[in-house]
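As given, the protein sequences belong to chains A and B, one line each in that order. Position in the first sequence (first residue = 1) + 7 = this note's numbering. Position in the second sequence (first residue = 1) + 4 = this note's numbering.
I should point out that these hints are in silico values taken from the structure, not numbers from a laboratory. One or more hints might be untrue.
[As the list claims (entries may be wrong)] DEER-style ranges, computed between Cβ atoms:
#, chain 1, residue 1, chain 2, residue 2, range
1, A, 23, B, 331, 48 to 56 Å
2, B, 206, A, 49, 51 to 59 Å
3, A, 10, B, 385, 41 to 49 Å
Idealized CB from N, CA, C, for every residue including glycine.
This is what each chain is made of:
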Amino acid sequence: MAVVPGGRVIEPGSALRFETGDWRSFRPILERSMCIDCMTCWIYCPDDSIIVKENKMEGFRMTHCKGCGICAKACPKHAITMVQE
Amino acid sequence: MLHNDIAVNGDNAIALAWKQIDPDVCAAYPITPQTIIVERFSDYVADGEVNTEFVCTESEHSAMTVCIASAAAGARTVTATASVGLAYMWEMLGVASGLRTPLTMAVANRALSAPINIHCDHGDAMASRDTGWLMIFAENVQEAYDNAIMALRIAEHKDVQLPMMTCLDGFILTHAIERMTPLDTNKVKKFVGEHRPVHPLLDHKNPVTQGAMDGHDFYFEHRLQIADAMEAALDVTKDVFKEFGKLTGRRYNLVERYMCDDADYVAICLGSTFGTMKATVDKLRGEGKKVGVIMPRLFRPLPSAEIAKAIDKRKGVAVLDKFMSPGTYPPLFEDIVSSSLSLKEIPKMYSYVYGLGGRDAKVDELSTVFTDMIDGKAKKVNYLGVKK
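Could you build all of it, start to finish, from the sequences and the hints given here?
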């Protein structure tokens, strides 16, 4: 792998290859029946860990979810809870 | 060219160089003895003589931050500071070199506080010498001007991509008016050429992230790349000196020697003292003493091999530092001693600390550096011109 001077990241989206899921000590659990697909969690997630397909919230990308809990805090319907790994 | 000569102080000479370069951005905060540089340059901006975006910041820390961001965006960027202003930038100095932003900065060398002192020594530059910046020193106003122009070419070179400090002695060069031969503006523009930044942030067709987390994965490798770039800067600087010499007739070397061919005893110094030392050598040569003086024009990277050659087979080498490192030997002395390790026989070397806080060092005091060595009176560490 070529090391780019100055630590510049010259390839867009390369964070996909940098898996941060093993940083996690809490994991998000979705109660699907309470979810209204408002996408608030998708907006707030600081990574790219909310899986959305055809406007439906379909769970979490656990390879990258750091377990920060922001989605649970932001969810207006309290449909996400954090549990210890 | 003589009819083009002007009488100018070092600060105005640098402002003139910048005017001719017409950089994209200048972000600065005033501090004595640098103030005239940015003051005069802000006149040029206000009068529409340059297209530069001039950013007045609230501190030197902010000035350097703006400069780094601007250079990272791809803009040709200049600034200037001195003394505690440079110290206040210190955190960001390492960011500038670490991100490989090739901005240039004039440093009007001034003592660090405390006790407070606005006069010249090299405390500011020496305290910044390990931050990954290229550093070049000037003997006179002409060189301060020339360095400000050449620095861009060295810093921006694709194999270097490092920020560069052009040091000029506070007051001695910044405020004293000297005769100087400026270049025609179109020649300056042609010499510095168009800036071709590597991976600039504003190249939206090739998106780039700068300042990302590095951690233990690549930090070491990135630091080593800075060391490699420093090594490359030796040849790049030589080439830039050569091209500049062809253009102006002013031929510079990484390590300057004066009357050294047959010299038994040599002194090594930086900055304006090189000029005073030449006069000292002339005087002593008149008395039949075989002495010479050496100045590493480029201080970072240190032209170690050239220094070793210059001091080889001397009976004595005195290293003059306009700075002291309490608790250890001063930096130029340490650098010269380290450089000598490649020699078969290491010459006797003496450290002379002088000129702190603007203490005058004239021909009479500087003569004792040589006569002390010749008479066997020189100690390992000497303090020149201290009141008894």
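Do the hints match the structure? See the list:
no.	hint	in the structure
1	A/23 x B/331: 48 to 56 Å	50 Å, holds
2	B/206 x A/49: 51 to 59 Å	29 Å, violated
3	A/10 x B/385: 41 to 49 Å	42 Å, holds
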